[in-house]
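For the protein sequence lines, the chains are A and B, in the order given. For the first sequence, position 119 (counting from the first letter as 1) is numbered 119 according to the working numbering, and the numbering increases by one without interruption. For the second sequence, position 262 (counting from the first letter as 1) is numbered 262 according to the working numbering, and the numbering increases by one without interruption.
These are computed hints drawn from the structure, not numbers from a lab. Glycine residues also receive a C-beta, built at the ideal position from the N, C-alpha and C atoms. Be aware that a few hints might be false.
The following residues of chain B were derived to be distant from chain A, with all beta-carbon distances above 10 angstroms [said to hold, decoys possible]:
hint, residue
1, Ala22
2, Trp52
3, Met68
4, Pro99
5, Gly100
6, Ala145
7, Gln161
8, Ala179
9, Leu189
10, Leu225
11, Gln260
Quick list of simulated restraints, FRET-style, between CB atoms [stated by the list, open to error]:
hint, chain 1, residue 1, chain 2, residue 2, range
12, B, Ser257, A, Glu199, 23 to 29 angstroms
13, A, Phe209, B, Arg183, 54 to 60 angstroms
14, A, Asp70, B, Thr65, 19 to 25 angstroms
15, B, Lys261, A, Phe209, 29 to 35 angstroms
16, B, Thr65, A, Phe163, 24 to 30 angstroms
17, A, Ala40, B, Pro187, 34 to 40 angstroms
18, A, Asp70, B, Pro99, 33 to 39 angstroms
19, A, Ser54, B, Glu39, 35 to 41 angstroms
Facing chain A, from chain B, some residues (calculated, C-beta under 7 angstroms) [said to hold, decoys possible]:
hint, residue
20, Gly28
21, Leu31
22, Thr41
23, Ala89
24, Tyr91
25, Leu123
26, Phe229
27, Gly245
28, Ala249
29, Phe258
30, Leu268
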Amino acid sequence: MVTSGPGALPRTRRRRSWLGLAFVAPALLVFIAFLGVPLAQSLWYSLWQWDGFSTATWAGLSNYTALLHDEGLRSSFEHAGVLVIFYAVLPVTIALGLTAILSRSIRLRGVGVFRTLLFLPQVIASVVVASTWVAIYSPNGLVNQLLRTVGLGSVTRAWLGDFTFALPAIGFIGTWLGVGLCLVLFLSGVSSIDSEVFEAARLDGAGIFTEFRAITLPALRGQIVVALTLTVIGAIKTFDLVYVTTRGGPGGSTTVPAYEAYSKAFQQREVGQAAAIAVVLTALILLVSVVINRFNPKDDG
Amino acid sequence: MKISRLEAGFNYAVLSLFTISALLPLVGVVLSALTPRAEATGGLAIPSSLAWSNFKLAWAEGHFTVYMRSSVIVTVAVVAITVVLASAAGYGFARLDFPGATPVFFLLLIGLMLPAEAFIIPLYYNLRGMGLTNTYWGLIAPQVAQSLAFGTFWMRNNFKQFPTSIIEAARLDGASEWALMWRVALPALRPAVLTMCLLLGMWTWNEFLIPLVMVTDESLRTAPLGMAFFQGRRSTDYALLAAGGMIVAAPVVIAYSFAQKHFVRGMLGGASR
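Extracted from the complex, chain A is given alone in its bound form (with noise of 0.2 angstroms):
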């Protein structure tokens, strides 16, 4: 394996430079034989119409054309916005106002229980978390159990069987798990905010909204990048939740790309066309965490 050749590099040097590679190459080889050749071939199938036994035909750029022109393709793709309002835009929103409460006490003993109890859900499997929503938003689950009980009687429902509610009733499971998520990592940027900061502006005055505006929210910066790219990539390639709440019903209501591409592919047989989805999918995930990080602090200089 060891060649010395002939060469401008020392011995060892070349030595240790071709180790490197071998050091590397268990890894590459897995990588690029079970993900980065399947990536490609994801490419290649997108042109195509096949159903996955026939042979294939050439179906140019139909399959990409198809996700502006079907309704229900479209459509998936318009849920996923409405997903990242719930799953991104809400937490990071709510989770800056608990901030901003929170901000001046944030040494406060027995934090660590809170964070504890809250990121709990992040570590559930997703499937799970699916399961128990369904039994919340059932006809006799916690929410109409709620409503009920503040005299809302009439506006209960079969959450995710209605075509209006089913896609915020999913969206709002994403907000459930983005709050705790962005939460602990926002409290835990504060905490290593200096706190004479915080004391300083009060002596000068500064009241809640003025702290937060000047102080908390500028040094939060790479936490919100953080928890955008999560939470945002989360809504757009959601999936689970989906397959075990509604399976993209009722009548397409809350269909999602994931959700097309894999019921495209092993399902209804279209196989060029999931590919597509897939390819599109895995494009906008890309440039929605370069286009996220490019407001990276650490990515300034």
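Given the coordinates of chain A, work out where chain B should sit on it, guided by the hints.
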């Protein structure tokens, strides 16, 4: 910083109120799981008696002996293989320069952001062609590939921070590069390796799409996949579903309760899969 008692009290109240409402769905699951089946309506209610037998019944009815075994096999294999491959690759990138290291590293980094949808469709047909669908390897290999991006990135950063002087000293003593990585650096990086193992273990345990696509054989179903089928069969048996959900979530939740700092730190570092 000194804050008034009143303000501290107010902050505790806000934080407690919010934490309680955030945990309400999980409290509901625990209560449902303990409610006698005839009583369970999916709502939040104190059970009239504690039906511990729900867990036993859910375990049997949900075929969890099979699914949990499958999950354990896949998770242990993915974590073990990834740790070895990612440590070697991370060491290569951090400590040994070789031609093309930078572009290759960036190639791997793209894997950090790729959703499984990006590769799973052709991968399914590739693995089917090789006879690997409906096997443990069909579940393990794709998840190792998916874990390698994060694993390599994580190990490279940690090997980079490892004091060069120690490596150089051992190198002068004649240790091979493999021994430097495996015997000198890795043992000192145990906390970082533990964080990585816990995160990879959690992601693999909780993974849904890859098992859903790769196996149809019931004996290979992982716990979350089995849970989804259980949900489909027993959609209104809320007590059993809640008990089943707790069974599936338990291993990760237990690991989290012992090592929550590792989970929080690792996931908030921006790590995702």
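So, going through the hints one by one against the coordinates:
1. Ala22: Check fails; 6 angstroms does not lie beyond 10 angstroms.
2. Trp52: It holds; B:Trp52 is separated from chain A by about 19 angstroms at its closest Cβ, greater than 10 angstroms.
3. Met68: It holds; B:Met68 is separated from chain A by about 12 angstroms at its closest Cβ, greater than 10 angstroms.
4. Pro99: Since the minimum Cβ distance to chain A is about 7 angstroms, B:Pro99 lies within 10 angstroms and the statement is violated.
5. Gly100: The claim breaks: B:Gly100 does not keep its Cβ more than 10 angstroms from every Cβ of chain A (closest is about 8 angstroms).
6. Ala145: With a cut-off of 10 angstroms, B:Ala145 comes too close to chain A, as the shortest Cβ separation is near 4 angstroms.
7. Gln161: holds (16 angstroms)
8. Ala179: holds (13 angstroms)
9. Leu189: For B:Leu189, whose nearest Cβ neighbour in chain A is about 16 angstroms away, the distance exceeds 10 angstroms, so it holds.
10. Leu225: violated (8 angstroms)
11. Gln260: violated (5 angstroms)
12. B:Ser257 to A:Glu199: 23 to 29 angstroms: violated (36 angstroms)
13. A:Phe209 to B:Arg183: 54 to 60 angstroms: holds (56 angstroms)
14. A:Asp70 to B:Thr65: 19 to 25 angstroms: Because 44 angstroms falls outside the window, the suggested range is violated.
15. B:Lys261 to A:Phe209: 29 to 35 angstroms: holds (33 angstroms)
16. B:Thr65 to A:Phe163: 24 to 30 angstroms: violated (40 angstroms)
17. A:Ala40 to B:Pro187: 34 to 40 angstroms: The hinted range 34 to 40 angstroms holds for A:Ala40 and B:Pro187, with Cβ atoms some 39 angstroms apart.
18. A:Asp70 to B:Pro99: 33 to 39 angstroms: About 47 angstroms separates the Cβ atoms of A:Asp70 and B:Pro99, which means 33 to 39 angstroms is violated.
19. A:Ser54 to B:Glu39: 35 to 41 angstroms: violated (53 angstroms)
20. Gly28: For B:Gly28, the interface hint holds, since the closest Cβ of chain A sits about 6 angstroms away, which is under 7 angstroms.
21. Leu31: violated (10 angstroms)
22. Thr41: holds (4 angstroms)
23. Ala89: holds (4 angstroms)
24. Tyr91: holds (6 angstroms)
25. Leu123: holds (4 angstroms)
26. Phe229: It is violated, given that the least Cβ distance between B:Phe229 and chain A is near 10 angstroms, above 7 angstroms.
27. Gly245: holds (4 angstroms)
28. Ala249: OK, holds: B:Ala249 within 7 angstroms of chain A, min 5 angstroms.
29. Phe258: violated (11 angstroms)
30. Leu268: Where the cut-off is 7 angstroms and the nearest Cβ of chain A is about 5 angstroms from B:Leu268, the hint holds.
The structure is inconsistent with the numbered hints 1, 4, 5, 6, 10, 11, 12, 14, 16, 18, 19, 21, 26, 29, although it conforms to all the rest.
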